[in-house]
Structure formats: C-alpha cells, structure tokens
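Asks: Given next are the chains, with one letter for each unit.
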Amino acid sequence: MGDVPTRSPSPPVLRTSTSPTLRAGEVSFMRALVLAVPWIWLVAFLLLPTAIVLKIALSQPADGVPPFAPLMHWIGGIPHLRVTADNFKLILTDPLYRGAFLHSLRVAGLSTLICLLIGYPMALAIARAPEHWRNPLLLALMLPFWTGFLMRINAWIGLLQDNGWINTALTFCHLAPMRLLYTDTAMYIGIVYTYVPFMVLPLYARLTRLDPALLEAAGDLGAPPWRGFLSVTLPLSLPGVWAGSLLVFIPAVGEYVIPELLGGPQAQLIGRVLWNEFFENRDWPTASALACMLLVLLLIVPLATWALLSVSFRAMKQRSNPPQVVASSLRSPQ
Amino acid sequence: MLLHIEGLTVRYGTTVALHGLDLSLESGELFVLLGASGSGKTTLLRSIAGFIQPDAGRIALDGTELAGLPPHRRPVNTMFQSYALFPHMSVAANIGFGLRQQHRRRAEIAARVAEMLALVRLEGFGARRPHQLSGGQQQRVALARALAPNPRLLLLDEPLSALDRNLRVETRGELVRLQKRLGTSFILVTHDQQEALTMAGRIGVMHEGRLLQVGTPAEVYERPRSRFVAEFLGAANILPVEVRDGALLLPGLGVMVRAAIPVAAGSALLALRPERVRIGNGAVNVVDGVVTERAYAGEALTHCVRLADGTEMRVTQALHDGLGADQPAVGATVTLSWQPEACIVLPGSKPPVREREWPVLPRSGSTDTAEAEGDRVGTRV
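Chains as they are written, first to last, in the working numbering: chain A, 1 to 334; chain B, 1001 to 1381.
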C-alpha cells in the first residue's frame, strides 16, 4: 500500500484514574452527607410531628395546659405507661365522625371527577397548542396563585352571595335569583376552582411528551380521530390522570377553608370536624385521633385505587391481547 | 396507473415546499424519492398520506381523487421514520391495529397478524412490547403493521435511517425482495443515494420542491440532465467546456475531448464520474496532471489530480487484487484518460446551485482528508 499513512500504534494507556484528592472513605462520607439531608428533613418534619400527633391521640384528655394527660407516669420511681384507645373507639363508633369521613370522601371524589372532566380538555388543548402559546397558557393557568388563596375564595363569596354578581346578572336577565352561597354547589365550585391547576399540570406534562406521530399512525391505519384518542392518547395519559387525581383528591379530603367559607352548615367534612374538636372543644386527643385516621385513609384510598386500576387494566389488556406486563404500561413510553 | 399527481403545490406560510409537482406511478412499482433534507420529499409523502392538505393540484389513486379525504379514509399506509409503534400495545396488537379499525373478525385478525409476523421473521415476538425489541426488530414490526391492512400503496419515510450501517445494507435487499413478493407499490423516501440506487425501480430526484429527474437508477446516474442530479447521485467532476463541431474544448487546457453522444454548439458543462476516469494513457480524451492527495477507502483509492489550469479532478480506482503499490504517489505526474461514453454533457455553465457536501464514494472508511478534499474540488469549478 506504498505511502498510505500508517500510524505507529500508540503506547498502551492503562493508568487507573484514581482521584488524587478524595479517598474511598471520604467519598462514601460525602455521599452519606448528601443522603442525610433528605432523611433529616423527613424525620424532623414528617416522622416527628406524626409521632407527636399519635402520642396525643393515645393519651387521655385532661383539663389544663396542655389539654391531655402525659403518656408516662412515675409512680414510686417506676414508669407507668398510660395508653388509651378510647379516642379511636369513639371515632369509629360515633356516627358523627363516620359520617364526616364518608362525606369527605364523597366530596373529594366528586370534585376530583369534575376536575378531571374540566382539566383533561384543558391539558389537551394546551399540549396541542402551537409551541409559542403553551407557556403563556400555562402561566394563565397558574396566575391565580399569584394572589392569596383566601382573597380568591372571598372573591367567590362576592360572586355567589344573594346580591352578588351572578344573581344581579340573573335578575337583570329577568330570571329568578338563586341561593348559591353556603350551599354544596358553592363548595364544589370553590374546590374545583382551586384544584383544577393541580389536575392540568401533570396531565399536560404527560400529554406533551406524547409523540404526535403515534396519533398520525393511528389515523393512517384507519382510526378516526375519536378512536385514535380512545386507543392511543387516553391509555398513554393514564399515569397523568392518576397523578392529577391524587394531587386533587388528597388535599380535597382534608379541605377545611373552602367548606367553611362557601359551604353550608350541613357540610360537616372531616376537616371542619377536626377543627371543631381542636379549637372549639379543646379535645386534643380526639382531634389527634381523627388526624391519624385521616392519614391512614389517605394512604389506603390511593393504594386501593391503584390496585383496582391495575387489575382492571390487566383484564382489559387480556381481552384484546396476549398477557402483558402491567407495570410497563405505567412506565413512560421510552 | 395507480397514482397520478398533477400540479401539487404545498406552501408553509411564505415558503413553497412543493412547486406544482407531477408524478405518475404504475402498480407494483418501488419508487424512491431522493433528496436532501428540505427538498420537499417528506412533504410529498405526507400529502399522499393525507397529513398535509395541498394548496393546489390533485392526487388520484386508482382514478379516485384523494384530496379532502382524511388519512383514515385513504387506502394508503405509512411506515414512519420513528416507527411510531404504540408503546402500550404488544407487537401483535400493533400489527392488528389497522385490521381492528376495519372491524375484521377476531380469528381473521389473528391469522393475518401471524402471517405478518412470519413475513418479517418475528414469529414468537407477538406478546412482546415494542420497547423490548431491538431497533431492527422494531423496524420490522413497523413494516408489518403498515402492510397488514393490505394497502394499495405503502409510503416509507426514511425506513432504514435509524439502523446501523451493516443492518441497513442488509435490510435494503430484504425490503426489495419483500416488495417483489407482495407486489405492493412502495414509495420510499431517502436522502441516501446508495440506498436509492440499489433499491429503486425508478428514482425521482427532488430539489427545492421540484422533481428534477425521474428514471431508472441507471438512467439517472448515467444520464443526469442537470448539474444538481449529476452531483447528488454519486460524485462528479464538473468542467466547463465549449462545444465546437461536435467536440468539446476544455478552454483552460486547450484540449479537445470527444463525447459519445452528439451535443449542440455553445458553452456547456462536462461531468465525469471519478470511477470512469483512468490513470494511464488512452486512445482519446487525455489530460495531464499532478497528484495532490490520495484517500484510501478500503475497496477503492481516490486520487486528487490537479490539471495544468488548476482544476482538480478526482479519480477513483477500485482496488482489485493488487495492493495499490503501483498507484502513483502524491506529487507524481500522471496522465488521465476516459472513454467518450464517460462524458456527461450538461447544459449551461451556471454557477453551482448551492454549496453542498460531496457524497464520498465509497462511504466505508473514507478519511477526513477525502471529504475535505471533495469539498474543495466540488466548489472550485
């Protein structure tokens, strides 16, 4: 091959690249330090407060400050534990609390459904909008958060009250005015209004990542737009539906301010009951037990829904296709 | 006639993607649309599929006008460049998707899916998810999915571009054999000229929204009608010439050259394929020059030869059995010659249509110097 340039083989470079500044022990110490931050945070601000609430829930009510008896008693130098389950027994037997729990779940469930029905088209519209329109639209969605939450709820009072804007408009159109404020309708309006952005954002995040070619492929293979939506867009956005629903459902269950300000006196939701026990009755142990029950409920409901969803998902898949891995359907599509 | 396109015009805002394009296709053809990115080939494909509504012109399939029909009503299927496989469905469900839209019976769908899986040699993969497959397997699933509803016309948008080089070359032949066996008409879009030459029944070269030339690979390669086509398909040395008494005069060298086909008098361009020029004396068409560079590419060796007037000519010689020891070194004076049949005479001596990277032939193992050199030659005509 004459003068075809042949490079002399370069000398073997096989030096190990150990860093001169950090030894293995130091590296693991640094790693532990970095990992410690979230752990300290979780212990200090989640685990510890929960433990305190649980402790109060297990103690007996007392007259005084604080309004509960200490768990530990020293009798003759020997510690005695005085734990009671009475508070939990009361909650589980008294129909007031059971009703409040059920009512809260119902209100939160219905609110989540309404948020989904309003939020899905919104998220889809923003995700399909021209690219330079998406950020302004998202900003518009988030804009209400720039003003105080109580302010916005008070604005709704102004809109909904008997001589408010809505009723004024109705009378102007020669229609009978309606009683809106302090009804369930007003409460649902308030909750849905407040939580719709929490539904839209995860849905939007999911829908923008959807490859538009997938929908084109569905159309190309003979699926009209609505069937393309049902067979491609909707199933692939289910993780977003799930995330958005949880973001709405969980805070809505414990919602206190909106039912208090917009809802009627009959709307005895768990948040309101809890508030009353704590501040009106000064029954800290019962209130704490309620809080613990709420926490357990909020852990159980999403997990149960998830299990139910994946079972039904699997059944749906098995009808049309050979068996598949369900977990992968909840994973992102590459 | 299967497909008839007439005066097809597509505009994106102020830019015109297709300029009144005409094209006719016979049934059973494998037609390749070749062009650089932005040449409008994908726009043409998407207009046929129905994703783009043309601003003017007509597209008729089997004599039926397609304009106004949404994609799901057209008997045309697309194999997408990204494959666009449904990630939440199994391979079998992907392939059966088009059949389910036609409301075929379940047993019929299952049989057709099995048939398609066998066709693309993916038996036993029906239950897998797309992400569990390799790129080559995904490509075959995409092909099977597009073929399953038995379309009148299959559109393939850069079907091989996502594959490794070796797999790509292998798949070319497979795709051609498959097309022959099924007899389905294919329109395949590519920017790879080798892909176009090896696969096509006919090639259409696209540039700036126009079809510059349509013909068999040999026709388009041997008899390009414009400088762009000559340079886009394979490499070409372009020399300005004056045509006098049926012969070509290279003005800078004062050398007369003979072409095999008669040409009209006037100024013209002479295009010479690097592999049709020989190093060594011949009976006719002889020029002298000095070797300035050489690029080794495994199966061939390309010399850059500077002629007396400063023009650089590329000469590619296949390395058969010799090891290239007898090839001239850099700095050597050589004589170049070519047959009259090698002369491609192009009209006019317009400046280059645009700066472009020279396609380096052959692709494998081409060195950086070869590409850099190619650029210089290509622009300094």
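Derived by calculation from the structure, the hints in this document are not laboratory data.
In this text the structure is predicted, and so the values were computed from the model without any measurement.
Check before you lean on any hint, since a few could be wrong.
[Said to hold, decoys possible] Listed next, with one range per pair, are the computed distances between beta-carbon atoms: (1) GLY1136(B) - VAL257(A): 57 to 65 Å; (2) LEU143(A) - ASP1055(B): 34 to 42 Å; (3) ASN135(A) - THR1014(B): 31 to 39 Å; (4) PRO251(A) - ASN1166(B): 52 to 60 Å; (5) ALA1036(B) - ALA140(A): 40 to 48 Å; (6) GLU131(A) - GLY1136(B): 29 to 37 Å.
[What the hints assert, rightly or not] Under 10 Å between C-beta atoms, here's a sample of chain B residues computed to sit facing chain A: (7) LEU1002; (8) ARG1046; (9) GLN1053; (10) THR1064; (11) GLY1068; (12) HIS1072; (13) ARG1074; (14) THR1078; (15) TYR1083; (16) LEU1085; (17) MET1089; (18) PRO1149; (19) THR1333; (20) SER1337.
[Said to hold, decoys possible] To give an idea of the chain A side of the interface with chain B (calculated C-beta under 7 Å), a few residues: (21) ALA62; (22) PRO66; (23) PRO67; (24) ALA169; (25) LEU170; (26) GLU216; (27) ASP220; (28) LEU221; (29) ALA223; (30) PRO235; (31) LEU236; (32) PRO239.
No residue lacks a Cβ here, since even glycine has one placed at the ideal position from N, Cα and C.
Asks: Going back to the hint list, which numbers does this structure go against?
Replies: 3, 7, 9, 10, 11, 19, 20, 21, 22, 23, 24, 25, 32
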